[in-house]
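Quick mapping for you: the protein sequence lines, in order, are chains A and B.
Mind the numbering: the first sequence is residues 1 to 285 in the numbering used here, read in order.
Mind the numbering: the second sequence is residues 1 to 288 in the numbering used here, read in order.
Don't take each hint at face value.
[As the list claims (entries may be wrong)] As a list, the in silico SDA-like pairs of lysine to any residue whose alpha-carbon atoms are at most 25 Å apart: (1) Lys117/A <-> Asp62/B; (2) Lys58/A <-> Gln76/A; (3) Lys117/A <-> Ala183/B; (4) Lys142/B <-> Leu219/A.
Note that these hints are calculated values from the structure, not bench results.
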Amino acid sequence: MAKTDRSGPNLQGKVVIVTGGGGGLGRAMALGFAECGARVAVLDIDRGSAEDVANEVKQAHGENAAIALACSIANQSECRIAVQRTIDELGGLHMLVNNAAIGMRFISEDFTDIPPKFWEYTPDRFQALMDVNVTGTFLMSQAVVHHMMDQRWGRIVCVTTSLDSMMRGGNMPYGQSKAAIEAAAASWAEDLEGTGVTVNVLIPGGAADTQMIPAHSSLDRDRLNKPEVMVAPICWLASDASDGVTRRRFIGCDWDPSLPAAEAAEAAGGPAAWGALPMRRKRAT
Amino acid sequence: MATRDLNGKICIVTGAGSGLGKAMALGLAEAGATVAGVDINLDAARSTADEAGKNLNPFACDITSVEDTEGTIKSVIDQLGGFHVLVNCAGLGMSMIRRDYWRNRLNFWDVEPDLWQKLMDVNVRGAFLMGRAAVGHLIDQKWGRIVNVTTSMNTMIRGGNMPYGQSKAALEAASSAWADDLAETGVTCNVLVPGGAADTPMVPHESPYNREELVQPDAMVAPICWLASNDSDGITSMRFLGRNWNPEASDEDNIQAAGSPAAWPSLADQAAVGQPTTSIGKNMPRTA
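Assemble the whole structure, with the sequences as input and the hints as a guide.
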């Protein structure tokens with residue numbers, strides 16, 4: 001395995017859950033965490049892919065560096081069991097990365113070339129996507145938050161999408177599911193103010209080269225973001241260096257690893273959601 | 001003052017039994033439209049119809065049910081002779097989850113998942129099911145309106161306000177996307193909000209608001225009547241604030257004063273690699 005940035009933060013002693021850790025952005029982040037010394041719970045609905053990534057981590061960093069969790073995050077009791085197993089087997093819990101999501105492929109295999117209109121998919125597909133992306137993120141966050149508040153330190157990071165993707169035609173219900181998570185992340189950060197637990201958003205900053213984009217898509221894969229753009233910012237977010245940073249949204253492809261982390265974070269960050277929108281005033285009378 | 005003659009327009013208003021939905025249903029009926037006042041509570045819809053006296057027909061519908069939404073659209077077309085305007089107003093507020101949420105803050109970890117889901121189902125799934133059931137007829141006749149009622153942009157992201165805020169963020173995003181999907185069909189999709197907390201049952205009476213300072217539900221009437229009329233042809237992917245709509249002013253002035261693009265196109269400039277950016281909304285002309 002290629003060694004990543006040696007100047008990454010020291011995450012020894014930190015335990016992280018990555019949902020959707022079996023592939024794509026989740027796998028890249030799980031490997032990046034382990035590289036910095038964190039122990040990782042690789043959570044995925046697909047047991048095989050979770051085990052593959054956990055084994056990859058263990059081979060590089062030892063038997064105690066990872067566990068695999070097969071879990072449907074849309075199910076509250078499965079979420080609770082996964083969180084408890086992490087705490088029991090990895091000796092704690094410090095960060096949740098809400099990365100698992102169903103993408104537009106589930107709605108239409110050809111979505112990149114023929115964007116599906118909102119009346120062209122079934123209510124069942126709509127609901128299944130929303131249940132994982134929105135309900136699942138909520139249930140996992142609920143399942144971890146008490147442990148984090150009790151230890152007065154914690155991180156919740158939500159992977160959403162670009163603000164234009166949230167509202168683009170041919171991109172529902174994926175886009176609206178991410179708008180709902182983005183709004184929730186900003187709100188949860190306020191709920192957690194003063195607790196030592198922060199909530200932030202991290203996105204790649206454009207479509208990423210993962211299985212969410214089918215191989216036959218006409219998109220130029222070389223122009224897609226590499227999943228590794230998530231690694232430097234997510235490891236910084238997992239570290240004590242990001243203490244007090246909350247309600248922000250970070251763009252992975254804008255993160256310059258040649259800069260000191262605090263400067264890179266400043267350059268790649270902004271307010272979560274649409275906090276930067278000027279709020280309209282009452283009409284002058 | 002613009003007077004609308006909505007004679008011949010057939011409008012479905014969900015949540016017509018109370019609050020903003022009731023005000024819009026009454027206002028549309030008053031302007032001559034034929035209104036289907038939809039509510040999960042048939043008695044409430046009937047009482048709105050009684051208050052209107054004419055032009056308003058009560059329908060019972062659980063908007064979270066595929067069968068109910070498809071059935072209601074079909075019944076309206078069969079019984080009222082057509083269908084032109086869908087107003088997705090039905091929504092559940094935070095008081096459904098905790099009656100005194102305004103005093104006893106509801107942090108997200110204290111929200112019971114079943115109630116969380118119930119709110120999301122009505123506010124997000126319900127609007128989607130009504131929209132998808134409605135759109136075929138509207139596209140076929142090459143004229144139609146979908147108007148989604150969301151909330152203030154800061155309310156969507158405020159602490160202690162989930163899942164209401166995120167449900168409305170999802171509907172706001174969908175409104176912009178649906179307008180894109182409907183481009184060139186003659187069917188528009190826009191957002192209408194009161195422009196602040198409104199004097200409806202969603203804000204409990206024991207809450208500390210001075211009710212006279214809340215936006216009155218009637219603030220929705222003039223803009224919804226304009227949206228339901230041919231005067232708003234071609235206006236899509238916009239959001240309008242009822243509070244800023246002056247019934248005495250011209251439509252053009254009101255579009256300027258009360259309108260802006262739906263959702264957050266001004267922040268969405270970092271275009272996704274390899275993907276088209278939103279075509280409508282961002283470049284939407286601000287006047288008719």
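Looking back at the numbered hints, which does the structure fail to meet, lowest number first? Hints 2, 4 not satisfied by this model.
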